[in-house]
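> Chains as they are written, first to last, in the numbering used here: chain F, 49 to 402; chain Y, 49 to 402; chain E, 49 to 402; chain S, 49 to 402; chain R, 49 to 402.
There may be inaccurate statements among the hints.
Note that the list lumps identical chains together, so a pair holds whenever it fits in one copy or between two copies.
Computed list of lysine-lysine pairs in DSS-like fashion (alpha-carbon distance at most 27 angstroms, straight line) [stated by the list, open to error]:
no.: 1; residue 1: Lys268; residue 2: Lys343
no.: 2; residue 1: Lys303; residue 2: Lys126
no.: 3; residue 1: Lys400; residue 2: Lys242
no.: 4; residue 1: Lys93; residue 2: Lys206
no.: 5; residue 1: Lys73; residue 2: Lys155
Don't read these hints as lab results, they were simulated from the structure.
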Amino acid sequence: MTRKFKKRASKIGLPPGTLVHVGEKKTEQTRIEIIDYDDKQLRQKEAQTIEECFPFRDEPTVTWINIDGLHEVDLIEKLGVHFNIHSLVLEDILHTGQRPKAEDFGKYLYVVLRSLSYSEKQDEILEEQISMLIGSNYVISFQEQAGDEFNPVRERIKSGRFQMNKRKADFVAYSLIDAVVDNYFLILEKMGEKIESLEDELLDHPTPATLQTIHRLKRKLITLRKSAWPLREVIGGLERGESSLFQKSTTIYLKDVYDHSIRVIDTIETYRDMVSGMLDMYLSNLSNKLNEVMKVLTIISTIFIPLTFLAGIYGMNFDFMPELRWRWGYFAIWGIMIMIGVGMIFYFRKKKWL
Amino acid sequence: MTRKFKKRASKIGLPPGTLVHVGEKKTEQTRIEIIDYDDKQLRQKEAQTIEECFPFRDEPTVTWINIDGLHEVDLIEKLGVHFNIHSLVLEDILHTGQRPKAEDFGKYLYVVLRSLSYSEKQDEILEEQISMLIGSNYVISFQEQAGDEFNPVRERIKSGRFQMNKRKADFVAYSLIDAVVDNYFLILEKMGEKIESLEDELLDHPTPATLQTIHRLKRKLITLRKSAWPLREVIGGLERGESSLFQKSTTIYLKDVYDHSIRVIDTIETYRDMVSGMLDMYLSNLSNKLNEVMKVLTIISTIFIPLTFLAGIYGMNFDFMPELRWRWGYFAIWGIMIMIGVGMIFYFRKKKWL
Amino acid sequence: MTRKFKKRASKIGLPPGTLVHVGEKKTEQTRIEIIDYDDKQLRQKEAQTIEECFPFRDEPTVTWINIDGLHEVDLIEKLGVHFNIHSLVLEDILHTGQRPKAEDFGKYLYVVLRSLSYSEKQDEILEEQISMLIGSNYVISFQEQAGDEFNPVRERIKSGRFQMNKRKADFVAYSLIDAVVDNYFLILEKMGEKIESLEDELLDHPTPATLQTIHRLKRKLITLRKSAWPLREVIGGLERGESSLFQKSTTIYLKDVYDHSIRVIDTIETYRDMVSGMLDMYLSNLSNKLNEVMKVLTIISTIFIPLTFLAGIYGMNFDFMPELRWRWGYFAIWGIMIMIGVGMIFYFRKKKWL
Amino acid sequence: MTRKFKKRASKIGLPPGTLVHVGEKKTEQTRIEIIDYDDKQLRQKEAQTIEECFPFRDEPTVTWINIDGLHEVDLIEKLGVHFNIHSLVLEDILHTGQRPKAEDFGKYLYVVLRSLSYSEKQDEILEEQISMLIGSNYVISFQEQAGDEFNPVRERIKSGRFQMNKRKADFVAYSLIDAVVDNYFLILEKMGEKIESLEDELLDHPTPATLQTIHRLKRKLITLRKSAWPLREVIGGLERGESSLFQKSTTIYLKDVYDHSIRVIDTIETYRDMVSGMLDMYLSNLSNKLNEVMKVLTIISTIFIPLTFLAGIYGMNFDFMPELRWRWGYFAIWGIMIMIGVGMIFYFRKKKWL
Amino acid sequence: MTRKFKKRASKIGLPPGTLVHVGEKKTEQTRIEIIDYDDKQLRQKEAQTIEECFPFRDEPTVTWINIDGLHEVDLIEKLGVHFNIHSLVLEDILHTGQRPKAEDFGKYLYVVLRSLSYSEKQDEILEEQISMLIGSNYVISFQEQAGDEFNPVRERIKSGRFQMNKRKADFVAYSLIDAVVDNYFLILEKMGEKIESLEDELLDHPTPATLQTIHRLKRKLITLRKSAWPLREVIGGLERGESSLFQKSTTIYLKDVYDHSIRVIDTIETYRDMVSGMLDMYLSNLSNKLNEVMKVLTIISTIFIPLTFLAGIYGMNFDFMPELRWRWGYFAIWGIMIMIGVGMIFYFRKKKWL
């Protein structure tokens, strides 16, 4: 969280539209991939220079340009100039840490999403900014690093199944958005498993470490939520046909992703309810245990403190203590003590402490 | 919860509209039931093949096709093709775990609901997805397994009472929705009973198990809520006449179901308030008990610790301790001790601890 | 709460519009009262059969028919048929447990309200369903049992004061609604008194019973709230002139009742804030007391446990313990003990525990 | 709070528009003050009878009639009849306890506000109902008792500064509303001081009395809030030009008061956040202290209980206890005891309890 | 907080539009800076008298007048008269403590913002009121004291980069707003660092001081929030083109600042969630520790209290106590004691207390 702002802050004072890459450099080399198709043929290649992408702007075929790596600022600037992109948009593409949003510039649509993935090793949710420029015959997507989120889309286009070859650029855009949203379900699955195992732990043998885990889970849900709510807004806006770049037929598919995004949010909110329920459980358990501990202490003390007092009495060294001289004094005192002890136990039984 | 996502996740990467059954296989054999009527006659039969349903598409009579079991994907695909249903709709029918929703495709309306039932044995709320395709002269309903929710509707059509034979397909759809909502009241009744018995338990003899029960109840209410809120939206949308497939006269009946769905939500929210009130009660009770336990411990300790000290004093073995030689020393010390004890008791009385 | 749903559930499966009385039978005999007036004359009579009411439908005079008791279903059915009331409306009239609502059927308006009264004996808020059918020249009101809520309205009509005789049916309807809302103020007054006495109790001598009372009060407020919020909506809808059956001049009066309903809700919300503040107070008090108890225990223990240890030392029976032989050993040990005790007291003073 | 409803309840059953003074009689004698001006001259007088006010209705000059004291019902009724005021309005004027509201009757506007003042003596916020009737050339204001809230307005008119003499009746009304809102800032200032001193107390030496003060403050904020929110709505409505009686030029001034009312609410909400933060602080402090107390008890007990046990061992009177015969037994036991004690202290150090 | 109202209160009673400086005097001398440019040239100077600014009103060049220091009331009054500013606006400029708002007066737009900065020394967030008057060819900005927030804007204009010289007054206004919003990110970065170090402290070694820090952080977030929410509204209003003074091309830039303001609010809300999560953590930690302390006490007491009792028994001085005479009595009693102790330890192991 903080890291993001440190970066952000370093940019304060620069005029708007200044192109600086703000964010971690997550990949060594920028990778440019071009997939170009119409209903007759399909071309796929890895471009060495950004200039190789330029001719596709004016061709009628559908072109998807995917760029992994944001640190080569001039590369993105050139692309922006050629495709006539507003400098503020280019700034946002480079400045990772944007909130999901969609902005319509007439000729093209700018969409930012946050792609989430779960790092098993760090036990953390990793965020990545996905930017998309959607024109009438092209989609340009920007990722912070090479990832496999978009592989299914590649497969689908290449395999020619599902009539992808007849679809326009907006359908490619939809497919990318769908791929991003699908990843949220993977994260939620992970979270669900964690919640379940945590609940078992909570019922079985809660420890202070359980509390830490609950706390961490809560933090993760806050992060998730911060990405998921604006995501829904963005998709909802596109689905309601706010941009003319999306055709009516694609809108039905967007509605489907929109439903998914609502389910993501529903599940996040349910998880939040569950996690805060678990915190309550944990604290109630603590109170229960404290009560139990205190009962044991009280029972033991309440039985033995008076008896010890009695023993103390007859340990006194007064010259004249008639009971000490009695033949059966010792056994009498044992009798009295046992009576007191048993009486106490009955009293605790009645109070339901035992 | 989690199980659902595991399933969901397994489908990630497939193109939209791919037909795969996602969910538990709850029944062995798919059952297809056809009820067909107009104001003159009524036909009811169990179809062996899905093709038997096809002729009804073009007949003017009202046809209700009910399909129990979703695992035979090709059967549903055939039906979809014949009735000209969008592939995304077929996908949603097969993919149990949808959020209640209604989608209007002009020629037909797609409605998903979640039917709830209470399993006494598992002490759990079981969810089932009910999908409905509503055309101008047919209703096709899909259930995950054969159930008796729709029996009242069958009875009503067969008995000919209530002028069912003069009603159109939209009224059949309304009747099915009504049947689903009615089941929510059964669940709420069960919950209400549980809450009542829990409150008695809470006043009578709360145990840590009570806390578990409260927690489980809370979880069930979260589940219920997640189904009930979108249910209300769906019915509200239909009632406001957003679809032309529902006639004006049926809308009055939908308003009635809508009122029921509001009452369901009202009651769920009230139950939530009650259950969280019970949690407060439980915790306050714990605190009360802890206070009581601590008072007992403190009273006993505060009375006997000083007395034991006194007894300890006169148990010392100093050669020269004048009191030990006194004739009435022993009785004097008893007197002092009783005075201290009684004084303490008066002090506690004054402090209202006794 | 639960009882209501048990009843409701028993009706599940019946076709919509089936007339069954759902609810407690609260009165033995149905009472039908007719008040009929125009600006010249006034007739009031108790009808023996429902048929006596029928002629009034077509007379130009204003007629108010009040029916106490809902168990005679056929009586209400006959009335419904004659006045041409939708069967779903008749069902709702008989089915007590409706949420307050207003439904406009063009020729008549159907209004359901919940009348509350406070039962001193049971210390509970009793609910009753009041249904009203409002036509252009008649008002038919249905109560579960004979009550005195409407007496002021009767008086007002009979006395001829306030120009009641010139007013139309909508003004009668307004008067009845006003009477119902006025009763809420009586309940709130009772609640206010309870809250005040509870606050005194809380400051004076809170007991675990206080907690129970707070809890019960909270429950009552939940009930109240559930009735009051939809009440406001209903009156607000009427006041905004959504129904043409209410004349402009009556709307000013409805605005007045609407203000009252807002004040009712305002007060309920304020009470809720107060009651949850009291719960906080109670729990903080408990914590305060626990702290005080623990301090007493700790002070006593911390002073006497070391002293008892010292006394124990000189109660040992070692052959060679030089101090025991000293002439002033006994007095020296007393001195040391007193010093330790006084030192401890100073320490506690410094820590502000004393 | 309760008192208000007791009064209110006493009126239940009376027909709407019945004029009864509901509320405390706060002044002995009704005072009627008339200020009348146009851009040439200014007249100010105290009227003996209400009839003196009547001629001003039809004069073109701006007239402000201020009436202190509401118990002379017939006086207000006469005024109402002459100025042609709706009986429900007169009822609301007399019935103190109204919620702030503005009602437009075309020829005149009826505004109710609640004026707050802080009573140092009772440490309470006193409420008073201010009603205003605003016509095209007159403002009639009603107060429960003579107060000095309106003095600045009087001054302003009399001094002739600020072009008051050229302003119309709506500007007088604005000035009165402004004066009422200004008083809220005085209350908030008092509250702010209290909160500050309470925070110091909380950091310095919190006592159970602090808890009481927090609770009382919370109660006061609930009261404030209940008045301030509807106040904002009222002024917002006037500012948005919902009434034609307010001129465009005055609207700019109303926007200013509207901003003030938003700031009042902002501050109330901030105070609420602060006060509930203080409650959390107080309770956390309690827990901290309990922990500290328990540590002291545990340390003392854990050190001395085992030692006392050891001393008890060698206080036993067995005939054959070899250690008792040893030459250095007594000193050895001292050594062991000191070692145990020091060991314990190290253990507590390690656990960071010391 | 309070200080603000004390000031405010001192102004109560004055007529609206009275010009009084309300707020701390933060600077000794008022500084007036004029920057004037068109696409050909740029003039910058420090004005000695306010009259030097007047000619710029009617020149076609873009003029930015920045005034630091608000205590010279007549200076601001003169400016207001010359530029024809409404007296209520001048009042608000002088009266620091305004809520962020934008008011459109047709010829000019009045915008108030709150600029925040973090004072390392006082560990507090300092607020300053920034007022702006935006005309078609001028921007006049008012600061309470000279600050460096606007330096980047000065630089940008002077350097001629970013085509500033071709931009109109609305772009200068946008740049100033952007500079203010950028400062919020600096504050948030500080807060983020604090939260992170606090979390480490919380996991490592929480102390009562940690609680104080959490509390202070919470207070700061309340302050931040109070400034940030209305800021968003203001910018949102400008961005939606509510004022005709902002050109279409500048609106895209305003949308950018608007996004920033949403991110500010998002982050504040996330921080609030985090801080209240930390409070929960702290309190749970306290409970955990109390439990641990109590367990130690209970274990020690429960083991040694019964043993001490036994030792007390054989310290009694009865004449006839057969065990005392036994040869191996002493060792037997040791054996019994060790058995009891070990048994206790096993019991605690089973209970998982050890």
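> Are any of the numbered hints broken by this structure? If so, which, sorted upward?
1, 5
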